[in-house]
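**Student:** So you can see what is in the structure, the chains are spelled out below.
2 protein chains.
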Amino acid sequence: MRLFLAVLLAGFATPAPASGLIDNVNGLTVDATGDLVHFTGLLIDKDGRIEKRLKEGEKRPTLLDYRYDGKGRTLIPGLIDAHGHVMELGFSRLNLDLSDTKSLDEAKAKIAAYAAANPGRPWILGFGWNQEVWGLGRFPTAADLAGLAGGRPIWLERVDGHAGWANDAALAAAKINATTRAPAGGRILMTAGKPSGVLVDEAMGLMSKLVPPPQPKDYDAALQKAQEALLARGVTAIGDMGTDLNGWQAYRRAGDRGALRVRIMSYARGMEQAQIIAGPGPTPWLYDDRLRMGGVKLYMDGALGSRGAWLKAPYADAPTETGLPRMTSASLRNQMSRAAMDGFQIAVHAIGDKANAEVLDAIDELSATYQGDRRWRIEHAQIVDPLDLPRFALHGTIASMQPQHESSDWQMAIARLGPTRLGGAYAWKAMLANKVPLAFGSDVPVEPADPFIGLKSAITRTDAKDQPPGGWLPEQRISLAEALRAYTWGAAYAGFAEQRFGNLAPGQRADFLILDREIELARPADLPATQIVEVWIGGQRVLSK
Amino acid sequence: MRLFLAVLLAGFATPAPASGLIDNVNGLTVDATGDLVHFTGLLIDKDGRIEKRLKEGEKRPTLLDYRYDGKGRTLIPGLIDAHGHVMELGFSRLNLDLSDTKSLDEAKAKIAAYAAANPGRPWILGFGWNQEVWGLGRFPTAADLAGLAGGRPIWLERVDGHAGWANDAALAAAKINATTRAPAGGRILMTAGKPSGVLVDEAMGLMSKLVPPPQPKDYDAALQKAQEALLARGVTAIGDMGTDLNGWQAYRRAGDRGALRVRIMSYARGMEQAQIIAGPGPTPWLYDDRLRMGGVKLYMDGALGSRGAWLKAPYADAPTETGLPRMTSASLRNQMSRAAMDGFQIAVHAIGDKANAEVLDAIDELSATYQGDRRWRIEHAQIVDPLDLPRFALHGTIASMQPQHESSDWQMAIARLGPTRLGGAYAWKAMLANKVPLAFGSDVPVEPADPFIGLKSAITRTDAKDQPPGGWLPEQRISLAEALRAYTWGAAYAGFAEQRFGNLAPGQRADFLILDREIELARPADLPATQIVEVWIGGQRVLSK
Numbered sequence: 100m101r102l103f104l105a106v107l108l109a110g111f112a113t114p115a116p117a118s119g120l121i122d123n124v125n126g127l128t129v130d131a132t133g134d135l136v137h138f139t140g141l142l143i144d145k146d147g148r149i150e151k152r153l154k155e156g157e158k159r160p161t162l163l164d165y166r167y168d169g170k171g172r173t174l175i176p177g178l179i180d181a182h183g184h185v186m187e188l189g190f191s192r193l194n195l196d197l198s199d200t201k202s203l204d205e206a207k208a209k210i211a212a213y214a215a216a217n218p219g220r221p222w223i224l225g226f227g228w229n230q231e232v233w234g235l236g237r238f239p240t241a242a243d244l245a246g247l248a249g250g251r252p253i254w255l256e257r258v259d260g261h262a263g264w265a266n267d268a269a270l271a272a273a274k275i276n277a278t279t280r281a282p283a284g285g286r287i288l289m290t291a292g293k294p295s296g297v298l299v300d301e302a303m304g305l306m307s308k309l310v311p312p313p314q315p316k317d318y319d320a321a322l323q324k325a326q327e328a329l330l331a332r333g334v335t336a337i338g339d340m341g342t343d344l345n346g347w348q349a350y351r352r353a354g355d356r357g358a359l360r361v362r363i364m365s366y367a368r369g370m371e372q373a374q375i376i377a378g379p380g381p382t383p384w385l386y387d388d389r390l391r392m393g394g395v396k397l398y399m400d401g402a403l404g405s406r407g408a409w410l411k412a413p414y415a416d417a418p419t420e421t422g423l424p425r426m427t428s429a430s431l432r433n434q435m436s437r438a439a440m441d442g443f444q445i446a447v448h449a450i451g452d453k454a455n456a457e458v459l460d461a462i463d464e465l466s467a468t469y470q471g472d473r474r475w476r477i478e479h480a481q482i483v484d485p486l487d488l489p490r491f492a493l494h495g496t497i498a499s500m501q502p503q504h505e506s507s508d509w510q511m512a513i514a515r516l517g518p519t520r521l522g523g524a525y526a527w528k529a530m531l532a533n534k535v536p537l538a539f540g541s542d543v544p545v546e547p548a549d550p551f552i553g554l555k556s557a558i559t560r561t562d563a564k565d566q567p568p569g570g571w572l573p574e575q576r577i578s579l580a581e582a583l584r585a586y587t588w589g590a591a592y593a594g595f596a597e598q599r600f601g602n603l604a605p606g607q608r609a610d611f612l613i614l615d616r617e618i619e620l621a622r623p624a625d626l627p628a629t630q631i632v633e634v635w636i637g638g639q640r641v642l643s644k
Numbered sequence: 100m101r102l103f104l105a106v107l108l109a110g111f112a113t114p115a116p117a118s119g120l121i122d123n124v125n126g127l128t129v130d131a132t133g134d135l136v137h138f139t140g141l142l143i144d145k146d147g148r149i150e151k152r153l154k155e156g157e158k159r160p161t162l163l164d165y166r167y168d169g170k171g172r173t174l175i176p177g178l179i180d181a182h183g184h185v186m187e188l189g190f191s192r193l194n195l196d197l198s199d200t201k202s203l204d205e206a207k208a209k210i211a212a213y214a215a216a217n218p219g220r221p222w223i224l225g226f227g228w229n230q231e232v233w234g235l236g237r238f239p240t241a242a243d244l245a246g247l248a249g250g251r252p253i254w255l256e257r258v259d260g261h262a263g264w265a266n267d268a269a270l271a272a273a274k275i276n277a278t279t280r281a282p283a284g285g286r287i288l289m290t291a292g293k294p295s296g297v298l299v300d301e302a303m304g305l306m307s308k309l310v311p312p313p314q315p316k317d318y319d320a321a322l323q324k325a326q327e328a329l330l331a332r333g334v335t336a337i338g339d340m341g342t343d344l345n346g347w348q349a350y351r352r353a354g355d356r357g358a359l360r361v362r363i364m365s366y367a368r369g370m371e372q373a374q375i376i377a378g379p380g381p382t383p384w385l386y387d388d389r390l391r392m393g394g395v396k397l398y399m400d401g402a403l404g405s406r407g408a409w410l411k412a413p414y415a416d417a418p419t420e421t422g423l424p425r426m427t428s429a430s431l432r433n434q435m436s437r438a439a440m441d442g443f444q445i446a447v448h449a450i451g452d453k454a455n456a457e458v459l460d461a462i463d464e465l466s467a468t469y470q471g472d473r474r475w476r477i478e479h480a481q482i483v484d485p486l487d488l489p490r491f492a493l494h495g496t497i498a499s500m501q502p503q504h505e506s507s508d509w510q511m512a513i514a515r516l517g518p519t520r521l522g523g524a525y526a527w528k529a530m531l532a533n534k535v536p537l538a539f540g541s542d543v544p545v546e547p548a549d550p551f552i553g554l555k556s557a558i559t560r561t562d563a564k565d566q567p568p569g570g571w572l573p574e575q576r577i578s579l580a581e582a583l584r585a586y587t588w589g590a591a592y593a594g595f596a597e598q599r600f601g602n603l604a605p606g607q608r609a610d611f612l613i614l615d616r617e618i619e620l621a622r623p624a625d626l627p628a629t630q631i632v633e634v635w636i637g638g639q640r641v642l643s644k
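Taken in order, these protein sequences are the chains called A and B.
At position 500 of the first sequence (counting the first as 1) the number is 599 in my numbering, and the numbers step up by one without a gap.
At position 50 of the second sequence (counting the first as 1) the number is 149 in my numbering, and the numbers step up by one without a gap.
Isolated chain A (complex conformation):
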C-alpha cells in the first residue's frame, strides 16, 4: 500500500512536448546581462512557457499544435511597468474624462451622454475639464450642468485636481449654500451671493466626502478597464504601488474567475494593509504568476511640483522652504523594520535629495539586521545628490524611476532646483554607471501607462513637443537596449519576478508583443506612435488588432 501511494504522489509528470511555434518574427529581447538578443522563432510549451528561442535557419519542430506566422513583424517581451496604480487607473477610466473637450458645449454633451449611458450610477463623477482650453473666460457653474443628469448629483474635478465643479443636486447633497464657510485652505466660488458650483482646494473635501464609495462591482469594472488600458499599450505586468484590501479583493475575484490577464506585483499600502491582505508574509505567486503581494509601499516625502519633495537645501523658487518628510526617521525605520521582519520587500517613495539620502541611511542601518536578497526599492529617486548616487549600489537598492516624469517635469524641475543642483536629477544614466539596478515605470494614472512614450523620454530626454532640442541634461540619455531592459528584466527583477517573466528566456512565461514597426530602426521620437498589433500572455493571445 505505501509503495503504491508513493507512486501516486510522485505523479505522472511526463515531459510536456512543445505545443506551439511563433515563427517568422523579428524577435528582440534583453537578457539578464543586458545584451540585446535577436531571434526569429519562439517555441512555447503547453503551460505557456518559452521552451526555446530559435534563430534564423535553426530547425523548427514539425509536430506542433499550432504555428503562428509573424510575417516578419517585430516581437518584443511584454513590457513591465514597475510602478503604477492599477485601481486608480481603472477608476480614472470608469469615470467621465473631459480632458479632450474643447468647449463648454462639447463638455455638456459628453456629460449628458455619459449620464444616459450609466443609468445605474448614483453620482456622475468625472475629471479633466479646463475652462482655459474652452476659452470660456470664466469658471463653469452649477447652472451650466442643469438638466444633464436627470437630477443626479454631478461632481467633476478640474484637470489639475485643484478645483471641482458641482451641480445643484451635489451642492444640495453637501448642504452647501450661501452661508457655508469654506474650510481653511479652500474656497467656495460665489455668483450673486450664492455658491457658483466650483469648490477650490480644501473646499473640495466638502463634496468628495459625500461621494459614495465604490462598490465591489465598481472595482471589478475598474480593474477590467485598467487591464484594457495596460494591454492596449503593451504592458503585460505592473508593480501596483499601494494596494488596499478593496483592490486586492478585486484582483482575487478576477483571478478566481480566470479574468486576470495582466500580471500584478502588488505592494501593500502600508504594513496594516499588508497584514490584512497577505498575513504573516508575502503571498505565493497566484494564478500562474499573475498575482503576488510581495512588498509594502511607504512614503518618505511628497512631490516636486507642490514643493512637497524633501530637499537638502531650500527650493530655488521658494527660499524658505525645503519640503517636508512624511514620516520621522524613527517611524521610517520602524515601519521598514516591521515589514522586513515579516519578509516583505520595501518600496519607499523618495523624490527630493534629502528624502533619498534619508532612505539610503535607513537601508544602510537595516541591512545589517535584515540580510539576504532584500531588493530595497526607492520609488522615483528623482532628485538625488550626486554624492548619494553610489550609495544605491551598496546594498543593491533598486532605483525605480519613471522616464515620463522627466519629460513632463523638466522645466518645473529647473525652476524648483535652479541650475546647480541637477547632477542627480532623473539621472538614469548615472544610476547605470553606478551599477544600480534600474526599473522603469509610469506612475500611471499620473502619466499614461505607455512604455513607448517612456522609451522615447529615456533615449532622448525630450518632451511631447521634442523639447528641449538635444534633450535635457543629455548626458543622462540611455540606449534603447538599456531602456528596454529597465522596462523588462529590470522591472521584473524589481518585483522578484525575473525567473518567471520579462526576458523571453527558456522557462519564462511567454508574454510578448507583436509591433507594427522595427523599434531598433525607428527614430526614437517616433516610438510613441508604435502600434501594438497583438499581445500574448502566458502563451495565450489576449489582444489582437
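It should be emphasised that the hints constitute simulated quantities derived from the structure, not laboratory data.
Predicted model, so just to flag it, every value in this text is computed and none were measured.
Heads up, the beta-carbon is just placed ideally off N, CA and C, and yes, glycines get one too.
One should not assume that every hint holds.
Under 10 Å between C-beta atoms, here's a sample of chain A residues computed to sit facing chain B [what the hints assert, rightly or not]: (1) Arg351; (2) Leu385; (3) Leu423; (4) Pro424; (5) Arg599.
The following label-pair restraints were derived from C-beta to C-beta distances [what the hints assert, rightly or not]: (6) Val136(A) to Pro605(B): 48 to 58 Å; (7) Ile375(B) to Gly442(A): 24 to 34 Å; (8) Gly284(B) to Ser307(A): 23 to 33 Å; (9) Ser428(A) to Glu205(B): 45 to 55 Å; (10) Pro218(B) to Ser428(A): 50 to 60 Å; (11) Glu420(B) to Gly442(A): 25 to 35 Å; (12) Gly442(A) to Glu327(B): 45 to 55 Å; (13) Ser202(B) to Gly442(A): 54 to 64 Å; (14) Ile375(B) to Ala628(A): 57 to 67 Å.
Model the placement of chain B on the given structure of chain A, informed by the hints.
**Tutor:** Just chain B, lined up with the frame of chain A:
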C-alpha cells in the same frame, strides 16, 4: 492560424483512466433519495473523484496506479458538519483548555506548563475551569496564579463563559483596583477590599477588550488546529457560520499553499463582511471544491439557555419574558433582500418558535421576488410551533439542526417551555415527515464537532449518560440512514455542494472514512466510541491512525 488556435483552446482532454482502487471495504453511503447503498470497492480517478462504485463480485480493473485493501473495514462518506464555527474551534484549541482539570493544583500545573511551552504569547489565555469540579469551595484568585507565567498577564474564562479569572499582571493591565466600579450587569469579586481576580459577566469586558487581537499567524495556527480537530472525528466538510475577513484570509492562505484539507462552505458574518470578502456575489468554488463563500449568516434571536430565544408565549420558568428578536422585522427583510439580490444564500439563526415563525414569514414574502433555487436556511430551528412545521417545505427551506444540542439541552428545554409546547422541539422526525430538507451539524465549539455523538443523539434522543431511558420525545428519533443522510447528502445540499461531495456517487470528490466498526450493527449508544482509522479527501489520505 485561427484554426490552429481553436484546436489549442479546445484542449487535449483525454478520458482520465481510473488511477486507484479502494477495495475490500464494507462500503456504505446514502444516496440523494435517502437510500442506503452498499458497495465493496471504489474506483478513484486521477483527479480524486469517484469513477465508479463497485459491488461484491463486480470485476475490478487491473491497470491501476494503486490499490488500497480495506481488509473488510467499514467505509462511509466523509461527514459534513452543516453548522460550525471553524476559527472559534481553532482558537479554542490554541488557547489553554482547563476543562479536564480535577483540582486547582492540577490547573496551576497545566497553566505553568502551557506558559512555558508558549514563550512567544504575550498573554496566557484559557478557558474551561470550574471550581465546583475542583471541590475548591471558593472561586480561585489572582494569588493562585502568582508566578505561573513569568509576569505575563493571564486571563482564563470559566467553563460557562460567565466569569473570568485574571492574575495580578492582567488586573494591572486593565487598571482594575479597589476603586474600580463594575459596569452594569457585571461584578468584580473582592477579597479583603481588593479585587480577588475574578470578574463576572459584563465585568469580563474590562479584561477582554485588552487582550491583544490575534495576528494572522495566530489565525493560521488556529485553522491548522481546527482542521486537525475536525479530521480526527471524520468531518471532511463544514458550513462555517459567520466567517469574517480575518478568518477568510486564513482560509485563502491555507488554500494558496495547499494546506486547506477540510472543505469549508463559508457564510459571511452579515452582508458587510460578505461584500468585503466575496464582493458582488458568491465566490466560485476554490481550491478543488475546498472553499466557497456562498451565503450570509444572520441572527433572528438568542439562545434558549439564557432565555434569549424569542418565543410566542412567555417562558415557563420566567412568565414575564418571551425573549427578544435581535433585529426588527424590517431589518430582517432588508438584510435578507440585500443578500438575495446579490445571489447570496441566506442562513438565519432562529431558536424560539416566534423567531422561526418570523423567519418563515420573511421567506414567504421574499420568495415572490427572489425565485429560483434559493435554499433558504434556518439555523437551529430548535423550538418550532407544530403549526409552522409544514411551512418549511413551502419554499424548500432547509432545517439546519444540531442533534447534540437536543441531548445537551433536553432538561433545560423542559424547564424553559414546560411540558405542553414541545411538539416541535428539536423535531427532526417531524421535519422529515413534512418533507423538509434536513442538514445536521454540531455548532462547534459550542458542542464538540463529533458527528458520531450526533448520530447517537439523533437515533436515541438520549444524552451522554443515556438519559432519559427510551429517549426524550422518542417519537422524534430517526434511523441511522436518515441521520447519516443529514450529515452527508443533506449537509452538502444545504451548502449547494451535493453535486461535488457528500454521497460517494460517481463524479463526486472521493471524501471518505475508514472506521473501526460496522456502524449499522453497532448499538447506537456505542456510536460515539467509533474510531476513525483513516480519512481520505479528494482521493488523498489525509489522516491515518
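**Student:** Which of the stated hints cannot be reconciled with the structure, identified by number in ascending sequence?
**Tutor:** 3, 4, 5, 8, 10, 11, 12, 13 and 14
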